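Trainee: All chains should be modelled from the sequences, with the hints used to inform the complete structure.
There are 2 protein chains.
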Amino acid sequence: MAEYAGAETCDIAHAVAWVAADWGTSCLRVWAIAADGAVLAARATGQGMGVLSPEDFEPALEASLEGWLLPGRTLPILACGMVGSRQGWVEAPYLDLPSPPLVPGRLVEAPARSGRFAVRIMPGLRQVAPPDVLRGEETQVAGLLAAEPDFEGVVCMPGTHSKWLRLRGSRIEAFRTCLTGEMFALLAEHSVLRHSVGQPEGVAQTSWDAPAFAAAVAEMLSDPGSLMARLFSVRAEGLVAGQAPEAARARLSGLLIGAELAAMRDWWQGNSTVSVIAAQPLGAAYGTALSLAGVTAKLHDGAAMTLAGLAAARAATGDETL
Amino acid sequence: MAEYAGAETCDIAHAVAWVAADWGTSCLRVWAIAADGAVLAARATGQGMGVLSPEDFEPALEASLEGWLLPGRTLPILACGMVGSRQGWVEAPYLDLPSPPLVPGRLVEAPARSGRFAVRIMPGLRQVAPPDVLRGEETQVAGLLAAEPDFEGVVCMPGTHSKWLRLRGSRIEAFRTCLTGEMFALLAEHSVLRHSVGQPEGVAQTSWDAPAFAAAVAEMLSDPGSLMARLFSVRAEGLVAGQAPEAARARLSGLLIGAELAAMRDWWQGNSTVSVIAAQPLGAAYGTALSLAGVTAKLHDGAAMTLAGLAAARAATGDETL
Numbered sequence: 003m004a005e006y007a008g009a010e011t012c013d014i015a016h017a018v019a020w021v022a023a024d025w026g027t028s029c030l031r032v033w034a035i036a037a038d039g040a041v042l043a044a045r046a047t048g049q050g051m052g053v054l055s056p057e058d059f060e061p062a063l064e065a066s067l068e069g070w071l072l073p074g075r076t077l078p079i080l081a082c083g084m085v086g087s088r089q090g091w092v093e094a095p096y097l098d099l100p101s102p103p104l105v106p107g108r109l110v111e112a113p114a115r116s117g118r119f120a121v122r123i124m125p126g127l128r129q130v131a132p133p134d135v136l137r138g139e140e141t142q143v144a145g146l147l148a149a150e151p152d153f154e155g156v157v158c159m160p161g162t163h164s165k166w167l168r169l170r171g172s173r174i175e176a177f178r179t180c181l182t183g184e185m186f187a188l189l190a191e192h193s194v195l196r197h198s199v200g201q202p203e204g205v206a207q208t209s210w211d212a213p214a215f216a217a218a219v220a221e222m223l224s225d226p227g228s229l230m231a232r233l234f235s236v237r238a239e240g241l242v243a244g245q246a247p248e249a250a251r252a253r254l255s256g257l258l259i260g261a262e263l264a265a266m267r268d269w270w271q272g273n274s275t276v277s278v279i280a281a282q283p284l285g286a287a288y289g290t291a292l293s294l295a296g297v298t299a300k301l302h303d304g305a306a307m308t309l310a311g312l313a314a315a316r317a318a319t320g321d322e323t324l
Numbered sequence: 003m004a005e006y007a008g009a010e011t012c013d014i015a016h017a018v019a020w021v022a023a024d025w026g027t028s029c030l031r032v033w034a035i036a037a038d039g040a041v042l043a044a045r046a047t048g049q050g051m052g053v054l055s056p057e058d059f060e061p062a063l064e065a066s067l068e069g070w071l072l073p074g075r076t077l078p079i080l081a082c083g084m085v086g087s088r089q090g091w092v093e094a095p096y097l098d099l100p101s102p103p104l105v106p107g108r109l110v111e112a113p114a115r116s117g118r119f120a121v122r123i124m125p126g127l128r129q130v131a132p133p134d135v136l137r138g139e140e141t142q143v144a145g146l147l148a149a150e151p152d153f154e155g156v157v158c159m160p161g162t163h164s165k166w167l168r169l170r171g172s173r174i175e176a177f178r179t180c181l182t183g184e185m186f187a188l189l190a191e192h193s194v195l196r197h198s199v200g201q202p203e204g205v206a207q208t209s210w211d212a213p214a215f216a217a218a219v220a221e222m223l224s225d226p227g228s229l230m231a232r233l234f235s236v237r238a239e240g241l242v243a244g245q246a247p248e249a250a251r252a253r254l255s256g257l258l259i260g261a262e263l264a265a266m267r268d269w270w271q272g273n274s275t276v277s278v279i280a281a282q283p284l285g286a287a288y289g290t291a292l293s294l295a296g297v298t299a300k301l302h303d304g305a306a307m308t309l310a311g312l313a314a315a316r317a318a319t320g321d322e323t324l
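From first to last, the protein sequence lines are chains A and B.
Final position of the first sequence in my numbering is 324; the numbers increase by one with none missing.
Final position of the second sequence in my numbering is 324; the numbers increase by one with none missing.
Hints are not guaranteed to be accurate.
Using C-beta positions, here's what the derived DEER-type ranges look like [unchecked claim]:
hint, chain 1, residue 1, chain 2, residue 2, range
1, A, Ala131, B, Asp268, 31 to 37 Å
2, B, Ala243, A, Gly39, 38 to 44 Å
3, B, Thr47, A, Asn273, 34 to 40 Å
4, B, Pro213, A, Val41, 31 to 37 Å
5, B, Ser209, A, Ala149, 49 to 55 Å
6, B, Ser172, A, Glu175, 42 to 48 Å
7, B, Asp225, A, Ser116, 27 to 33 Å
8, B, Gly200, A, Gly39, 44 to 50 Å
Residues of chain A placed beyond 10 Å of chain B at every Cβ, according to the derived structure [unchecked claim]:
hint, residue
9, Leu54
10, Arg170
11, Gly227
12, Ala238
13, Gly272
The set of hints was computed from the structure by calculation and includes no laboratory data.
What you are looking at is a predicted structure, and each value in this text was computed from that prediction instead of being measured.
By construction, the Cβ of each residue, glycine as well, lies at the ideal position given by its N, Cα and C atoms.
Mentor: See below:
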């Protein structure tokens, strides 16, 4: 396994009651959960849907469960993410809007053959107008609603594909996708700007240039249509004005996140608070950007929301074998 | 050689008076020119600056001249593009704005050692505020001014990095760079949108969906800040509404070119005509987009303008050995 969230306790296999899995395009994350809801262990690997062939889905999952399985027992697993897409293990057909993020009767069982575990998959959401889809984020919203059952308002979920959702009456009414994170990675690693932005640590780098980030966000908020004419400045400021790589990197991030806020203005304008669900430090960067727009961000950890959403799904089924 | 613009006539070597060269990051193009200005032959290879080490510059150029060189003669070559950058063969220091596109005394000689050819390189342009740089486009502007000495106004030069320039009194007063072409290539070939846009022929594909392109341009012109929220629709329209790959590809192109026009609105608004210098069919796509913005595009062929600019540089030096 590529990464451990912490040292595992002994004898996980007897203590684990079920496994939560977030299985996306680039990553497979699993958590061993005790009967009382305690997280016994967490693992993450690069065995995402995007690098696996269909015949490798079950072996990859089984490998991630090493030491958690017992002879003669079928371990229940609840999964979310691209594992339920048409190109995934089994298609979990989309829920149509408006919809609660969690519809227990719509979980779909994956065709695991070993008998050592049983996998049920959360369906994603589909919006017809404008066309849009998501998978995985519905589970984090279910986690948010488990913690705040009366939540209404706007949720921003930054990432490779940022998602913005409107919730009312415990239902998702609309959502939009922004390619912000993917565009940052492509521009920082593959475009001419790569010569200027230094190493690809993203916002996690220690030498984050906060003023350069804030200035770029402000430029996009005050001149929302200007993105295409500003991106090359990330390179040219270095050539002409000696801009440092950490400033260039923060500037590129600020221009793109600012452009996302500009594109989503109708969603946050008039809201005093937007809930942001993300890993750190990305969530904090969006919090800073939103504060420049006069909006307070309420930050939630992405992995915690995923876990809470899968736990809510397990509880909602009322099925201890799930 | 990878590509010939036409069948070469016999005995080029005795007829060629000089060679014009456009040597950019990804491509080396050379034209054999007769004393009367006639183009005797044209060649293009992938031996751009980006794939060559410094010790390969002279051999790569010499290989491109095969059959054009004579024993005992030093063939004059005039070159433009990234060959004159700091990472190129020899740095041709930038001209500062405002500047004519062509300053004969600022040509820089490359350190060719064989004695079989002598290479002089056009300098690019540098702008301090906002910081920006260009190399190669100055030569095309020199070509435009050779054909239209009284030209004043705005020039749009679409490409990997689109350049917009303002000309007055035969001088370039300002310019801006948009990453439009590079972003199209990255998104169409490397992002999640690649699953939706089909093969990478760009706007050259025969099944270009003109209505989808026009609709996307119009969306960006009427909602200039919306790019980040619209890009994923290129994928989602396919998943949810069955959009065809040629429509998706044209839509992606239209969103990005529309976003470029939105970002450059101050440059074209109020101008009845913008001169567009580009290869086809890219120039025609920009012409269509500009017409949707109420502006008439006057189209010029990019290679013809480069040739005319290098010929103007040769004439301006008054040096037959150049």
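Trainee: 44 to 50 Å was suggested as the range; check whether the CB atoms of Gly200 of chain B and Gly39 of chain A agree with it.
Mentor: holds (47 Å)
Trainee: Mind verifying the non-interface call on Leu54 of chain A? Its CB should be farther than 10 Å from each CB in chain B.
Mentor: Given that every Cβ of chain B is farther than 10 Å from that of Leu54 of chain A, nearest at about 16 Å, it holds.
Trainee: Is it true that Thr47 of chain B and Asn273 of chain A lie within 34 to 40 Å of each other by Cβ?
Mentor: Hint violated: Cβ distance 56 Å, outside 34 to 40 Å.
Trainee: Say whether it holds or is violated: Gly227 of chain A keeps its Cβ farther than 10 Å from all Cβ of chain B.
Mentor: violated (3 Å)
Trainee: For the hint 42 to 48 Å, verify it against the beta carbon of Ser172 of chain B and that of Glu175 of chain A.
Mentor: violated (58 Å)
Trainee: If you check the beta carbons of Pro213 of chain B and Val41 of chain A, does the distance land in 31 to 37 Å?
Mentor: Violated - the Cβ-Cβ distance for Pro213 of chain B and Val41 of chain A, about 53 Å, lies outside 31 to 37 Å.
Trainee: Honestly, do Ser209 of chain B and Ala149 of chain A meet the 49 to 55 Å range at C-beta?
Mentor: holds (50 Å)
Trainee: Take a look at whether the Cβ-Cβ distance between Asp225 of chain B and Ser116 of chain A falls inside 27 to 33 Å.
Mentor: violated (52 Å)
Trainee: Hint says 38 to 44 Å; check whether the CB-CB distance for Ala243 of chain B and Gly39 of chain A agrees.
Mentor: holds (41 Å)
Trainee: Assuming the hint says 31 to 37 Å, is it satisfied by the Cβ distance from Ala131 of chain A to Asp268 of chain B or not?
Mentor: holds (33 Å)
Trainee: Going by Cβ atoms, does Gly272 of chain A stay more than 10 Å from chain B at every point?
Mentor: holds (17 Å)
Trainee: Quick check for students: does the CB of Ala238 of chain A sit more than 10 Å from each CB in chain B?
Mentor: violated (4 Å)
Figure legend: structure checked against the earlier numbered hints; hints not met, in rising order: 3, 4, 6, 7, 11 and 12.
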